[in-house]
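Enquirer: Protein chains in written order, with my numbering: chain A, 546 to 703; chain B, 546 to 703; chain C, 546 to 703.
Check before you lean on any hint, since a few could be wrong.
Stated by the list, open to error - With beta-carbon atoms standing in for the labels, derived distance ranges:
1) THR548/A with GLU668/C: 42 to 52 Å
2) ALA642/C with ARG582/B: 22 to 32 Å
3) PHE641/B with PRO697/C: 43 to 53 Å
4) ASP633/B with LEU696/C: 28 to 38 Å
5) PRO683/A with PRO547/B: 54 to 64 Å
6) ILE695/C with PRO632/A: 15 to 25 Å
If you are wondering where the hints come from, they were derived from the structure by calculation, not from laboratory data. All of these numbers come straight from a predicted model, not from anything done at the bench. Every residue gets a Cβ at the ideal spot worked out from N, C-alpha and C, and that includes glycine.
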Amino acid sequence: MPTYIDPTAEVDPSATIGEGTRVWGHAYVAPNASIGRNCMLARNTHVGKGAVMGDGCKLQDGSGITTGVTLGNYVFVGPNVTFCNDPDPRASNTNFAPAITSVGDGAVICAAAVIDAGVTIGEGAKVAPGAVVCRNVPAGMFAVGNPARILPRMERAS
Amino acid sequence: MPTYIDPTAEVDPSATIGEGTRVWGHAYVAPNASIGRNCMLARNTHVGKGAVMGDGCKLQDGSGITTGVTLGNYVFVGPNVTFCNDPDPRASNTNFAPAITSVGDGAVICAAAVIDAGVTIGEGAKVAPGAVVCRNVPAGMFAVGNPARILPRMERAS
Amino acid sequence: MPTYIDPTAEVDPSATIGEGTRVWGHAYVAPNASIGRNCMLARNTHVGKGAVMGDGCKLQDGSGITTGVTLGNYVFVGPNVTFCNDPDPRASNTNFAPAITSVGDGAVICAAAVIDAGVTIGEGAKVAPGAVVCRNVPAGMFAVGNPARILPRMERAS
Chain A
546 MPTYIDPTAE VDPSATIGEG TRVWGHAYVA PNASIGRNCM LARNTHVGKG
596 AVMGDGCKLQ DGSGITTGVT LGNYVFVGPN VTFCNDPDPR ASNTNFAPAI
646 TSVGDGAVIC AAAVIDAGVT IGEGAKVAPG AVVCRNVPAG MFAVGNPARI
696 LPRMERAS
Chain B
546 MPTYIDPTAE VDPSATIGEG TRVWGHAYVA PNASIGRNCM LARNTHVGKG
596 AVMGDGCKLQ DGSGITTGVT LGNYVFVGPN VTFCNDPDPR ASNTNFAPAI
646 TSVGDGAVIC AAAVIDAGVT IGEGAKVAPG AVVCRNVPAG MFAVGNPARI
696 LPRMERAS
Chain C
546 MPTYIDPTAE VDPSATIGEG TRVWGHAYVA PNASIGRNCM LARNTHVGKG
596 AVMGDGCKLQ DGSGITTGVT LGNYVFVGPN VTFCNDPDPR ASNTNFAPAI
646 TSVGDGAVIC AAAVIDAGVT IGEGAKVAPG AVVCRNVPAG MFAVGNPARI
696 LPRMERAS
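Just chain A, with the same shape it has in the complex (with noise of 0.2 Å):
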C-alpha cells in the first residue's frame, strides 16, 4: 500500500516515516520519532519525541507510545494501551529521564492495557485486554490482570 497521511495527523518534519506506512486521523507524531515501513496508525494515536517503531506494527485507536519506548517489528498494540514513561512521576519534576521500555518482535499488547516504565515484553509475548505490566515479560509467555501474573501462552487452536 502506498504511503498515508491523513490531513488531520500532524507529523513533526523531523519524524521518519517508512514506506507503505498509514497514519489516520489526528494522529501525532512528535520530533525524532522513528516509524518503519508498513505501520498502521489509526486515528488518535500518538508517538512520542524519538520513540521508535519497527516494521510492520499497529497501534489502535486512541493508543501512543511515548518517548523511551522502542518497539520491534510486527508489534500489534491494540486501543487506549498507555505506554508510561516516569518511574517516580510527580508534578514537578526538574530531573525527568524518560525509562527504557521495549517489546519484542511479534508481541501483542491487547487492548486498554498499561505498561509501566522500564518494562521489557520479549519476542512473540502477549499482553491480555486491561492488563497492568508492572514487571518483565519473557517472550513467549502471557501477562494477565492487575498487577499482571505470568502465565504461559496458550494458543487458540482455531
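Got chain A; can you put chains B and C on it based on the hints?
Expert: Just chains B and C, lined up with the frame of chain A:
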C-alpha cells in the same frame, strides 16, 4: 431536543443518525454505522463501521464502539470505555472478522471498563468502573474486577 | 514560562487560566473551569464545567477532570486517567448532580487510573498505574490494584 452534529465531528454520509441525537466535538461516525434517536455522543467518541446503537444511548467522552458491536436501547457507556472486536489480535491478520458483541437494553457500562471481543452483556446488567469483562454478563447482573467476576447487582437505596 | 494556549485547544471564555499555564493541542476547557498558575495540560486533555485545578498541576495526554473534581496544588495526573462524577450512572438521568471528588496537594495519580465518583485522595497520596480507586485514600498512602487496596507509600531510595 433537535438533532445536533458539531462542526468538528466527522459523520460518514452513509451512517444513519436518528432524530434528536447529539454528536459532539471531534466525534467520528464511520460508514454504515446506525445510531438511534435521542442518543448522545460526547467529545472524542467514535462509532465503527457498521456498528449499531439503539435509541436513547449515551457514549461518554473518549469511548467508542467498534465494528461488530450492537447496543440496545438506553445503554449507558461511561468515559474511556474500550470494546474489543478481535479475539486473536496480531499485527498482521489477513483473516480478520470482527466478533459479535452485544449489550442489552438499559445496561450500564461504567468508566474505563474493557469489554472483550464477543461478550454478551444482558439487559439491565452493570459493569463496574475499570472492570475487564472477558465472559458474558447475564441480564441484571453486576461485573466487577479484573478479570471481572459476576455478582448480583446491588441497587442503591436512594 | 509565559502562558500558552495552543491554537487547536478550545478554552471557553468564562474559564480562568492562571499565569504561566500551558494548554496543548486539542485540549478542551469548559465553561467556568478554574485552572491555577504554571499548570500543564497536555494534548487531548479536558477540564469539565466548573472543575478546579490548583497551581503547578500536570494533566498528561488524554486525561481529564470532570465537573465536581477539585485538584489541589502540584497534583500530577498521568496519561489516560479517568475521573467519574456520577455514583449511579444510567442513560437517562434527569436528577444528575455531580459527586464531589477532591485530590490533595502533591498527590500523584499514575497512568490510566480510574477514580470513582466522590472519592477523596489525600495530600501526597499516590495511585498506582491502572488502579481503580473506589474509596478514599488517606494522605500519604498508596492505592494499588482493582479494586484498589490502600498500602503505605513506599518511597524509592533514589
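Enquirer: If a hint holds in the structure, say so; if it doesn't, say that too.
Expert: Against the structure, the hints come out as follows:
The beta-carbon spacing between THR548/A and GLU668/C, approximately 50 Å, falls within the hinted interval of 42 to 52 Å. Taken as a hint, the range 22 to 32 Å holds for the pair ALA642/C and ARG582/B, whose Cβ atoms sit roughly 26 Å apart. Restraint check, PHE641/B to PRO697/C: a C-beta distance of roughly 46 Å satisfies the suggested window 43 to 53 Å. A hinted range of 28 to 38 Å for the beta carbons of ASP633/B and LEU696/C is consistent with their spacing of about 36 Å.
At roughly 57 Å, the beta carbons of PRO683/A and PRO547/B sit within the given window of 54 to 64 Å. In this structure, ILE695/C and PRO632/A meet the distance hint of 15 to 25 Å, their C-beta atoms being roughly 21 Å apart.
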